[in-house]
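Turn these sequences into a full structure, and let the hints steer you where they fit.
Listed here are the chains, written in short residue letters.
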Amino acid sequence: MIEISGLHKYFGTLHVLRGIDLTVQKGEVLSVIGASGSGKSTLLYCINGLEPIQKGRVVVDGTDVHAKQTDLNTLRQRMGMVFQQWNSFPHLTALENVALAPRIVKKKSQSEAREIAKRQLEHVGLGDKLKAYPSALSGGQQQRLAIARALAMDPQYMLFDEATSALDPELVGEVLDTMRILAEEGMTMICVTHEMGFARDVSDRVAYFHDGLLEEIGPPEQIFGAAESEQTRKFLAKVR
Amino acid sequence: MFDYNFHWRPVIRSLPELLEASLVTLQVATLSMVIGIVVGLGLSVIRLRLRGPLYWLATAWVELARNTPALFQLFFFGFGLGAFGWHLTPYMIVLVGLSFNNAGYLSENFRGGFQAVPDTQMRAARSLGMNLWQTYTRILVPQVLRIVYYPMTNQLVWAVLMSSLGMLVGFRELSGETQFFASRTYRIFEYFAVTAVIYYVMVKFILLASRLLATRLFRY
Ligand SMILES: Nc1ncnc2c1ncn2[C@@H]1O[C@H](COP(=O)(O)OP(=O)(O)O)[C@@H](O)[C@H]1O
Ligand SMILES: [Mg+2]
Chain Y
1 MIEISGLHKY
11 FGTLHVLRGI
21 DLTVQKGEVL
31 SVIGASGSGK
41 STLLYCINGL
51 EPIQKGRVVV
61 DGTDVHAKQT
71 DLNTLRQRMG
81 MVFQQWNSFP
91 HLTALENVAL
101 APRIVKKKSQ
111 SEAREIAKRQ
121 LEHVGLGDKL
131 KAYPSALSGG
141 QQQRLAIARA
151 LAMDPQYMLF
161 DEATSALDPE
171 LVGEVLDTMR
181 ILAEEGMTMI
191 CVTHEMGFAR
201 DVSDRVAYFH
211 DGLLEEIGPP
221 EQIFGAAESE
231 QTRKFLAKVR
Chain B
1 MFDYNFHWRP
11 VIRSLPELLE
21 ASLVTLQVAT
31 LSMVIGIVVG
41 LGLSVIRLRL
51 RGPLYWLATA
61 WVELARNTPA
71 LFQLFFFGFG
81 LGAFGWHLTP
91 YMIVLVGLSF
101 NNAGYLSENF
111 RGGFQAVPDT
121 QMRAARSLGM
131 NLWQTYTRIL
141 VPQVLRIVYY
151 PMTNQLVWAV
161 LMSSLGMLVG
171 FRELSGETQF
181 FASRTYRIFE
191 YFAVTAVIYY
201 VMVKFILLAS
211 RLLATRLFRY
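Sequence order for the protein chains is Y and B. Mapping to my numbering: the first sequence position 164 is 164, numbers consecutive. Mapping to my numbering: the second sequence position 165 is 165, numbers consecutive.
What the hints contain is simulated information worked out from the structure, not anything from laboratory work. Do not rely on the hints blindly, as some may be mistaken.
Derived list of chain Y stretches under chain B, where covered just means 3 residues or more per stretch with a C-beta under 8 Å from a C-beta of chain B [said to hold, decoys possible]: (1) 133-139; (2) 147-156.
Examples of chain Y residues lying across from chain B (beta carbon under 8 Å, computed) [what the hints assert, rightly or not]: (3) Tyr10; (4) Thr63; (5) Gln69; (6) Gln77; (7) Gln85; (8) Phe89; (9) Pro90; (10) Ala101.
As the structure is a computational prediction, the values presented were derived from the model and not from experiment. Backbone N, C-alpha and C define an ideal beta-carbon position, used for all residues, glycine too.
If you want it as structure tokens, here you go:
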């Protein structure tokens with residue numbers, strides 16, 4: 001379970017997150033929507049400790065992410081993250097990309113790590129690309145590689161930060177399908193996304209972010225059908 | 001005016017010694033590169049990530065290495081330290097001097113290299129639970145070494161040529177050895193002409209080897 005309470009985040013004097021309270025249950029799929037610059041990516045970075053926070057708490061399975069004594073490297077193994085910019089490691093093959101962290105972070109043997117990597121790459125439909133370098137993969141394939149790389153750590157949670165935003169339209173589908181399969185398998189997911197179809201069909205709840213605040217959160221039927229907030233309705237009218 | 005008679009025979013006779021000395025040159029240059037790469041990476045990371053005394057120390061190193069004559073740097077490790085009662089062997093003077101110089105020059109290349117690797121690589125690695133050391137050694141440095149591969153090759157060439165300054169601190173590398181024979185036989189021109197050819201061949205060999213190695217190393 002991810003419990004966020006009273007979270008404030010500043011970049012210098014810029015007040016980016018202005019008091020967020022949010023709980024994500026095990027097995028839940030939460031989509032986060034909102035205008036660019038509203039603090040969605042920053043929220044994800046605060047959840048896995050890539051960004052420090054100034055006030056409030058983020059607690060993952062009982063561990064306070066931002067407490068001094070928390071070992072972030074251990075905690076992060078529980079949370080996979082996929083970024084907007086494809087960031088496969090260019091100097092490693094697809095197999096090595098996925099096998100590296102299990103081997104050096106989880107201390108698996110070389111052969112065990114490769115086995116895991118192979119399985120995950122097959123899982124995302126890249127079973128025939130084990131030896132390919134990222135430069136030989138399409139954007140969609142690189143994003144699926146990034147998903148496999150995160151899954152290889154056997155995480156309890158997956159954080160997606162606009163995983164399809166940088167893709168050509170014809171490649172978006174394959175990545176969304178992969179995410180959809182994950183959701184069906186019961187993975188707990190927070191998906192920052194501009195894909196309203198995905199948010200509506202796959203998520204249990206949708207959160208609308210506005211200006212560093214959680215403006216409205218509820219089941220997709222509520223957000224897309226009968227949003228309570230005027231802001232939410234205005235945003236949705238614009239993106240549709 | 002053209003009354004100089006060339007005498008190549010003594011040079012030919014001492015060719016084995018010269019070739020042996022060129023191996024010494026290659027060895028000290030290569031070793032100083034290995035040290036220079038490791039220390040240069042350290043200097044660049046310090047200058048990118050830290051502030052305070054370590055930052056200033058690293059900056060002073062880089063500034064001195066890049067903006068003073070290499071010969072003075074060798075003299076410092078030879079006679080400068082000697083003045084404080086710390087005497088290095090000629091070999092060590094050249095090795096330490098070249099390493100100092102290499103590290104300074106390379107660290108600037110590395111700094112540019114690190115800046116050319118997108119921030120997102122660091123984020124991706126950390127999000128997988130890698131610690132800072134793992135992120136640097138497994139993800140960032142391999143990419144940086146590729147970006148600065150050709151500048152590094154140039155620095156190795158430079159180190160080979162610069163090691164000839166060793167003869168001024170009594171080191172019998174290729175130039176020192178040449179100087180030794182030349183002054184014994186007075187065939188100064190002949191000796192240095194042949195040695196120039198040896199340097200030339202060494203440099204061409206390094207450039208070729210580096211290019212071949214690149215095709216094997218960088219398959220991406
Ligand atoms: N590293 C940073 N330094 C300073 N400002 C930042 C940084 N990252 C994001 N911001 C700012 O914080 C705000 C929220 O950014 P972000 O979380 O990326 O929004 P979103 O993902 O919703 O588009 C923006 O105004 C952005 O410019
Ligand atoms: Mg964003």
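Evaluated hints:
Three residues within the 8 Å Cβ limit are the bar, and the segment 133-139 of chain Y against chain B gives 3, so the coverage statement holds. Note: the segment 147-156 of chain Y has 3 residues with beta-carbon separation from chain B under 8 Å; the three-residue rule is met and the coverage holds. Violation of the interface hint for Y/Tyr10 is found here, the shortest Cβ-Cβ separation to chain B being roughly 19 Å, above the 8 Å cut-off. About 14 Å separates the beta-carbon of Y/Thr63 from the nearest beta-carbon of chain B, more than 8 Å, and the hint is not met.
Given the 8 Å rule on beta carbons, the hint for Y/Gln69 is violated: about 16 Å separates it from the nearest Cβ of chain B. Using the Cβ-Cβ criterion of 8 Å, the hint placing Y/Gln77 at the interface with chain B is satisfied: the shortest such distance is roughly 4 Å. Interface restraint check: Y/Gln85 against chain B, minimum CB-CB distance 5 Å, threshold 8 Å, status holds. With a cut of 8 Å, the hint placing Y/Phe89 at the interface with chain B holds, because the nearest CB-to-CB distance is about 6 Å.
With its C-beta approaching chain B no nearer than about 6 Å, Y/Pro90 sits inside the 8 Å limit, and its interface hint holds. Among the interface hints, the one on Y/Ala101 holds; its C-beta lies about 4 Å from the nearest C-beta in chain B, closer than the 8 Å criterion.
When each numbered hint is compared with the structure, violations occur for hints 3, 4 and 5.
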